[in-house]
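Produce the complete structure using the sequences and hints provided.
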Amino acid sequence: MAGPGGLWQGDSVPPTPPDQLAVPQLHRAARIEDALHGLVERRLRRTGWQANIIAYAGYGAPGWARVLCRVLLGRPDTRQRGRLEKVRGWRSFTTLPAKYAKVTIEAGGVSQEATADRSGFVDTVIKADFTPGWGCVRLTVADAEPVEALVRILDPEVRFGILSDIDDTVMVTALPRPLLAAWNTFVLDEHARAAVPGMAVLYERLVTAHPGAPVFYLSTGAWNVAPTLTRFLSRHLYPAGPLLLTDWGPTADRWFRSGREHKRATLARLAREFPDVRWLLIGDDGQHDQEIYREFAAAHPDNVAGVAIRRL
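Counting along the sequence shown from 1, when you hit position 259 you're at 259 in the working numbering, and nothing is skipped either side.
Don't take every hint at face value.
So the derived label-pair ranges between C-beta atoms look like this [to be verified]:
hint, residue 1, residue 2, range
1, Glu-204, Gln-290, 18 to 26 Å
2, Leu-150, Asp-276, 17 to 25 Å
3, Leu-202, Leu-150, 19 to 27 Å
4, Trp-134, Ala-194, 26 to 34 Å
Derived by calculation from the structure, the hints in this document are not laboratory data. C-beta atoms are modelled at their ideal positions from N, C-alpha and C, and glycine is treated no differently.
Laid out in structure tokens, this is it:
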């Protein structure tokens, strides 16, 4: 049940959509990828490589939190140096997942275990007592030092939030020009990436005008670049907020994941989790933001405060 302000809390956790409960037959591309990963993993583990957790910021309400992380294999010295988080450009896409790794999640005196998927991702909900604002959960995988993941806990009284695209909305990527976009993503140093002029100031003013308003960054970008994006947003003074990215690898039924469906599913999930929050949806006209936001506004008019589209 939804608590005060429409936020799911207490012993009630947002329900899992029926289409996420089934375990479908893997696409041929996914089976090939799994076989290659398994071969490389066995060889690397024999040389001493071990599991490491990359924590991503999650979100929730006073009675629950969505926890996001990924388990990757790395050399033993990776843990001391934090090297996986500092990998940039094309190298961030050469990681090897520790598939089906067991991760222990601890928060508010509660402990539960989650199993990573075939790509090393953990995306789960933990029921615990959280205080509105920024909190943290403790993540542990066998033979590794624990890490902490931040979680943005929405106050039950929150009625306004900001949901923003990333590429060409807050960061110059030039997605309509594929070759330039590829250069910016895979080659250009992260410190050379440019912010869209004026957007950080706009977001800061919106947050100031709506105290407690959460900021979520929704993108079709891969989780591989999450650490880079987090540093970019901080460096350019954007309000802190969870990243809602995707996995670029093969899925159960196709070669690559659908970016449009990722955005649609994420928006629908936020509407279920926070039914009384109205979102200002910010994007650009370089991809499909207009179409996706229009569909969401038609289906969930009570969850939309407005739509802002940057013209490229």
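Cross-check of the supplied hints:
{"no.": "1", "hint": "Glu-204 x Gln-290: 18 to 26 Å", "in the structure": "holds, 25 Å"}
{"no.": "2", "hint": "Leu-150 x Asp-276: 17 to 25 Å", "in the structure": "holds, 24 Å"}
{"no.": "3", "hint": "Leu-202 x Leu-150: 19 to 27 Å", "in the structure": "holds, 24 Å"}
{"no.": "4", "hint": "Trp-134 x Ala-194: 26 to 34 Å", "in the structure": "holds, 28 Å"}
Every hint, counting from the list given before, is met by this structure.
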